[in-house]
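For the record, the sequence lines run as chains A and B.
Take the first sequence: its position 164, counted from the start at 1, is 164 in our numbering, and no numbers get skipped.
Take the second sequence: its position 2, counted from the start at 1, is 2 in our numbering, and no numbers get skipped.
FYI, nobody ran anything at the bench for these hints, they're computed from the structure.
A hint or two may mislead.
Subject to a maximum C-alpha distance of 30 Å in a straight line, what follows is the list of computed DSSO-like cross-link-like pairs (lysine-lysine) [stated by the list, open to error]:
| id | chain 1 | residue 1 | chain 2 | residue 2 |
| --- | --- | --- | --- | --- |
| 1 | A | 795 | A | 772 |
| 2 | A | 64 | A | 17 |
| 3 | A | 427 | A | 124 |
| 4 | A | 17 | B | 78 |
| 5 | A | 64 | B | 78 |
| 6 | B | 78 | A | 66 |
| 7 | A | 66 | B | 19 |
| 8 | B | 78 | A | 595 |
Beta-carbon label-pair distances, calculated as ranges [what the hints assert, rightly or not]:
| id | chain 1 | residue 1 | chain 2 | residue 2 | range |
| --- | --- | --- | --- | --- | --- |
| 9 | B | 99 | A | 29 | 18 to 28 Å |
| 10 | B | 99 | A | 81 | 37 to 47 Å |
| 11 | A | 61 | B | 23 | 26 to 36 Å |
| 12 | A | 76 | B | 99 | 30 to 40 Å |
| 13 | A | 129 | B | 99 | 29 to 39 Å |
| 14 | B | 23 | A | 55 | 57 to 67 Å |
| 15 | A | 42 | B | 99 | 18 to 28 Å |
| 16 | A | 91 | B | 23 | 55 to 65 Å |
Okay, the calculated bits of chain A under chain B, using three or more residues with CB under 8 Å as the criterion [to be verified]:
| id | segment |
| --- | --- |
| 17 | 405-416 |
| 18 | 570-583 |
Remember, it's a predicted structure, so these values are computed and weren't measured experimentally.
A virtual CB, placed ideally from N, CA and C, is assigned to each residue, including glycine.
What follows is the residue order along each chain.
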Amino acid sequence: MTRAITLLRRLRAVFFKGVLDGDLDEEIRTHLEMQREENERRGMSPEEARRAALRSFGGVEQVKEKYRRRRGLPVVETTLQDLRYAARMLLKHKGTTAVAVLSLTLGIGANTALFSVVDAMLLKMLPVEEPENLVLFKSLAPPRFNPGSYNGTSDTDLATGQQVMSSFPHQSFRSMRERPGALTDVMSFGYISGGLNVSADGRADVAGAQAVSGNYYEVLGVRPLLGRALTDGDDRAGADPVAVISHRYWQQRFGGAGSAVGKQINLNGVAFTLVGVTPQGFEGTMDVGSILDVTIPIAWEPQVVKARSRMTGAGVWWLRLIGRLKPGATREQARASLENAFRQSVAEHRVARQAQAQASGGSAIGDLEPGDYPRLALDPGGQGEMSTRRSYAPSLYLLLGVVGLVLLVACANVANLLLSRAAARQKEFAVRAALGAGRLRLIRQLLTESLLLSAAGGALGVLFALWLKNGLLAVGEWGGGGLRGLEPKLDWRVFAFTAGLSLSTGILFGSAPAWRSTRVDLTPALKEGGRGSSVASRSWLGRGLVVSQVALSLLLLIGAGLFVRTLVNLRSVEPGFNTRNLLLFNAQPALLGYKEERLEGVYRQIAERLETVPGVRAVTFSSSPLLARHRSTRSVYLRGALTAAPDAEGRVKPSGPGHIHQVRENFLEAMEIPLLAGRGLRPQDDARSPRVAVVNQTFADEYFPGEYPVGKRFAFDHKKPDEVEIVGVAGDAKYSSQRAEIPPTMYVSWRQELPGMVWGVTYEVRTAGDPKGFVAAVREAVRGVDGGLPLDNVKTQIEQADETLARERLFAKLLTLFGLLAQLLAAIGLFGVMAYAVAQRTREIGIRMALGASRRRVLRMVLRQGMSLTLTGIATGLAGAYLLLRYLGSRTDLSEMLYGVEVADPFVYVVMAILLTLVTLAACYVPARRATRVNPLVALRNE
Amino acid sequence: MPESKNDVLPGTLNLMILKTLAALGRLHGYGVARRIEQTSGDLLQLNQGTIYPALLHLEQMGWITSEWGASDNNRRAKFYAITRAGRRRLAAEEENWRRATAIVARFLESAGEGL
Chain A
1 MTRAITLLRR LRAVFFKGVL DGDLDEEIRT HLEMQREENE RRGMSPEEAR RAALRSFGGV
61 EQVKEKYRRR RGLPVVETTL QDLRYAARML LKHKGTTAVA VLSLTLGIGA NTALFSVVDA
121 MLLKMLPVEE PENLVLFKSL APPRFNPGSY NGTSDTDLAT GQQVMSSFPH QSFRSMRERP
181 GALTDVMSFG YISGGLNVSA DGRADVAGAQ AVSGNYYEVL GVRPLLGRAL TDGDDRAGAD
241 PVAVISHRYW QQRFGGAGSA VGKQINLNGV AFTLVGVTPQ GFEGTMDVGS ILDVTIPIAW
301 EPQVVKARSR MTGAGVWWLR LIGRLKPGAT REQARASLEN AFRQSVAEHR VARQAQAQAS
361 GGSAIGDLEP GDYPRLALDP GGQGEMSTRR SYAPSLYLLL GVVGLVLLVA CANVANLLLS
421 RAAARQKEFA VRAALGAGRL RLIRQLLTES LLLSAAGGAL GVLFALWLKN GLLAVGEWGG
481 GGLRGLEPKL DWRVFAFTAG LSLSTGILFG SAPAWRSTRV DLTPALKEGG RGSSVASRSW
541 LGRGLVVSQV ALSLLLLIGA GLFVRTLVNL RSVEPGFNTR NLLLFNAQPA LLGYKEERLE
601 GVYRQIAERL ETVPGVRAVT FSSSPLLARH RSTRSVYLRG ALTAAPDAEG RVKPSGPGHI
661 HQVRENFLEA MEIPLLAGRG LRPQDDARSP RVAVVNQTFA DEYFPGEYPV GKRFAFDHKK
721 PDEVEIVGVA GDAKYSSQRA EIPPTMYVSW RQELPGMVWG VTYEVRTAGD PKGFVAAVRE
781 AVRGVDGGLP LDNVKTQIEQ ADETLARERL FAKLLTLFGL LAQLLAAIGL FGVMAYAVAQ
841 RTREIGIRMA LGASRRRVLR MVLRQGMSLT LTGIATGLAG AYLLLRYLGS RTDLSEMLYG
901 VEVADPFVYV VMAILLTLVT LAACYVPARR ATRVNPLVAL RNE
Chain B
1 MPESKNDVLP GTLNLMILKT LAALGRLHGY GVARRIEQTS GDLLQLNQGT IYPALLHLEQ
61 MGWITSEWGA SDNNRRAKFY AITRAGRRRL AAEEENWRRA TAIVARFLES AGEGL
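Model the full structure from these sequences, guided by the hints.
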């Protein structure tokens with residue numbers, strides 16, 4: 001306590017030096033006066049009294065100095081002194097300082113921005129109570145385990161070949177909640193696919209939604225901002241329908257009004273009471289970045305999503321489970337304590353499936369062998385669902401590596417600048433050393449300067465990061481609406497990162513120059529025109545830095561080249577249909593309560609209304625858009641497959657998969673996909689007429705090689721052989737993405753596949769001009785059919801295709817930006833080193849020229865010196881890039897991120913090496929020109 | 001310079017200042033210095049100025065407080081007073097000092113006999 005107060009007092013003394021010095025002066029003056037008066041009273045003469053007073057006081061200045069030293073904090077005072085001096089030095093050399101600060105700003109800013117994304121995507125914990133005690137449930141099943149209907153992520157664990165499944169059936173939740181073992185409780189939550197149609201205050205829109213168990217908020221320890229959270233009482237049959245909304249939705253839909261709580265809202269036509277608003281920043285426990293604005297109890301899921309419910313019959317595996325560990329319990333204990341309950345629930349689900357299959361007359365489902373049961377696995381649950389996070393991790397770490405390299409190049413640059421400047425300051429150091437400054441004191445001075453530089457770079461870097469974060473690194477650029485809910489923030493965590501980064505970069509680039517340049521040999525340094533003895537080692541270090549800068553920037557440039565080529569390749573992929581002048585939007589009338597029999601009419605009416613819009617050339621619709629990563633596959637059974645024996649599950653092995661596209665009859669014409677043989681789909685191909693399909697060339701080649709496919713038959717269902725007749729063959733067109741191989745594709749009429757289209761369709765509107773100009777007219781036309789029908793995802797086909805390439809675009813853009821940046825920094829570094837070398841060799845060059853060397857020769861000599869550095873760097877960079885990229889290609893998904901280009905693409909390597917050579921040649925040319933202007937007379941006289 | 005004068009032993013100046021303030025109450029720097037000289041019977045070689053860093057130290061430790069006031073003949077002077085913590089400290093120091101001198105005294109006596 002007292003120590004702290006003392007420290008504070010002393011610290012205060014540092015800043016109020018002037019006032020306190022005045023106080024001390026006055027106190028001493030009074031003292032001397034009093035002594036003088038007493039001396040006079042004793043009979044001394046005034047002059048004698050004054051002198052005696054001073055004598056008995058002792059040395060006034062010594063006392064003051066001692067007093068001051070005790071009063072203040074010498075460390076702080078000298079640091080302040082260092083800082084003032086450092087600031088003066090930096091301001092004096094504005095050019096160098098500006099270049100150094102700019103380098104650091106770019107380096108630190110890029111790292112800060114990327115860290116904010118990494119933090120939000122990978123590192124941050126959920127804003128809930130004690131997130132470290134939460135566990136996320138997974139199950140590990142042998143590859144032959146078939147859960148029946150499944151909705152969630154399912155990855156194959158490469159090491160064991162097992163399926164890792166994220167979702168569970170409601171039986172598992174109930175069973176484990178009843179016997180939670182080493183957990184205090186278990187809760188569950190699941191997506192409501194397609195969201196909910198919310199109508200309130202006379203408006204309708206579609207909101208992302210989830211269904212949760214009643215104890216969801218209690219287990220997490222999340223208290224609502226307004227109203228109340230859902231409870232177990234809400235999650236049982238017969239309870240009143242209640243819903244909770246997110247803070248975001250509350251702001252955006254209800255204007256943040258307190259009266260929102262208690263309001264009646266319609267969710268898919270069912271009346272709910274809005275009972276609460278969750279706090280800001282709590283985005284639920286689902287995949288990071290997903291927007292789940294409306295939350296309802298699981299008990300109400302069947303009434304709200306009706307036919308699509310995942311709770312009816314045996315039920316779908318769709319619930320994610322999170323539990324909270326009892327104090328002191330480990331995840332392994334919890335897992336062991338739940339294993340039995342889980343196993344029983346799987347058996348229970350199996351029995352329910354068997355009963356369901358029997359009731360519907362389907363084929364029998366066998367019992368599970370003991371070895372076929374899935375096993376439970378508990379992961380840390382403090383970040384909620386992890387699949388999305390994990391899928392982004394490799395790209396993020398790759399980019400983090402890239403910006404790390406940029407920072408290294410920037411550091412090398414600043415180190416080089418400091419070295420050059422330190423060389424020019426040899427005399428100053430020598431003077432200070434001669435006046436008694438220790439080497440450590442000098443090093444401290446120089447480090448203070450570097451830290452000041454890096455602090456300035458860090459502060460400006462935050463601004464740069466802000467710009468990057470809202471622009472190039474904005475969430476939209478990461479691709480996919482799935483991340484819309486993610487908002488990386490520059491919060492204290494990010495600032496702490498930036499501060500730490502600035503500090504360590506300051507030390508990193510500052511210490512070597514400081515160490516080198518304070519090794520002062522006094523005598524020669526002080527001599528007129530003297531050059532410090534550390535010149536040789538200085539240039540050695542400087543050259544090493546330049547070589548590594550060149551090498552690192554070549555590495556980045558090669559990376560940029562690979563991704564730019566990938567992007568160019570993907571953009572020039574021929575999709576097989578005309579992407580220009582095509583406007584897309586989604587319509588989901590079913591959310592408004594349209595039943596299947598009326599949907600057909602609505603879909604048709606919208607299309608017909610759109611066709612009347614002037615300038616619209618064709619209107620079609622399909623179950624999903626093209627080039628949007630949407631994929632729907634079906635098993636295809638040829639006759640041969642049906643004669644083979646069924647497997648243990650009682651399933652008949654299909655001939656293979658086919659991608660299915662349910663479309664309006666005019667789809668091929670509207671999309672400009674050529675018909676190669678047979679006929680297209682017709683309105684007459686409806687639910688009452690025989691099933692027909694148009695297949696693409698790949699399908700024909702795959703399943704009917706060497707045969708004329710038109711008139712051939714296949715089946716989607718092994719119990720209905722030969723059901724579908726191929727009536728036409730269409731040209732190949734890309735389906736889910738530009739990158740994926742064109743799959744065997746079947747186009748079937750929407751009239752024969754209405755059940756597959758009830759949850760909405762994508763309209764494709766072919767326009768005469770820029771499709772963006774038609775948005776308002778299209779909205780108007782749709783409103784004419786149903787005013788309550790929201791248009792979703794309005795975009796052009798080209799925008800859609802670009803969105804699918806988001807990750808490639810992001811990498812190409814960032815790597816190009818950073819590669820060019822690094823190259824610029826390297827050029828500046830090289831320029832500095834060469835300029836310095838020329839200055840050092842002025843005398844030598846003068847002698848050479850006096851002895852008859854031509855200017856050309858001098859120019860060549862200097863350029864050769866510069867280029868030897870560059871070429872060393874380029875050779876190192878080429879070898880390094882090859883080794884590193886090959887390693888990354890084999891260890892990460894880098895190879896899959898590239899398209900049409902190998903990691904060792906010779907074209908990219910050569911082009912980038914030449915580009916870098918040219919840039920560095922330019923950087924050397926300026927100092928070399930200066931060397932040729934050396935006047936031999938002046939150069940020699942100078943010595 | 002009179003040769004009989006002793007230098008101030010390290011650490012004893014603080015003790016003397018505390019004792020002075022404890023005995024006389026509120027006092028300015030000059031008063032403290034004069035009092036120490038008088039009490040030591042002018043046997044002590046005291047540079048009066050050295051009490052100021054010492055006073056600062058005692059104040060930093062919280063053993064004394066200071067405030068500006070008017071002296072007898074209306075001069076602005078800084079007055080020092082001992083705090084409760086200072087009195088405790090003084091008691092402890094006095095005890096230490098007594099013990100130390102007793103030990104040294106005993107040592108000197110016995111050493112005279114035995115060695």
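Going down the list of hints, with the structure as the test:
no. : hint                     : verdict
1   : A/795 - A/772            : holds, 8 Å
2   : A/64 - A/17              : holds, 12 Å
3   : A/427 - A/124            : violated, 51 Å
4   : A/17 - B/78              : holds, 18 Å
5   : A/64 - B/78              : holds, 16 Å
6   : B/78 - A/66              : holds, 19 Å
7   : A/66 - B/19              : holds, 23 Å
8   : B/78 - A/595             : violated, 94 Å
9   : B/99 - A/29: 18 to 28 Å  : violated, 41 Å
10  : B/99 - A/81: 37 to 47 Å  : holds, 45 Å
11  : A/61 - B/23: 26 to 36 Å  : holds, 32 Å
12  : A/76 - B/99: 30 to 40 Å  : holds, 39 Å
13  : A/129 - B/99: 29 to 39 Å : violated, 58 Å
14  : B/23 - A/55: 57 to 67 Å  : violated, 27 Å
15  : A/42 - B/99: 18 to 28 Å  : violated, 40 Å
16  : A/91 - B/23: 55 to 65 Å  : holds, 58 Å
17  : 405-416                  : violated (count 0)
18  : 570-583                  : violated (count 0)
Of the numbered hints listed earlier, those contradicted by the structure are 3, 8, 9, 13, 14, 15, 17 and 18.
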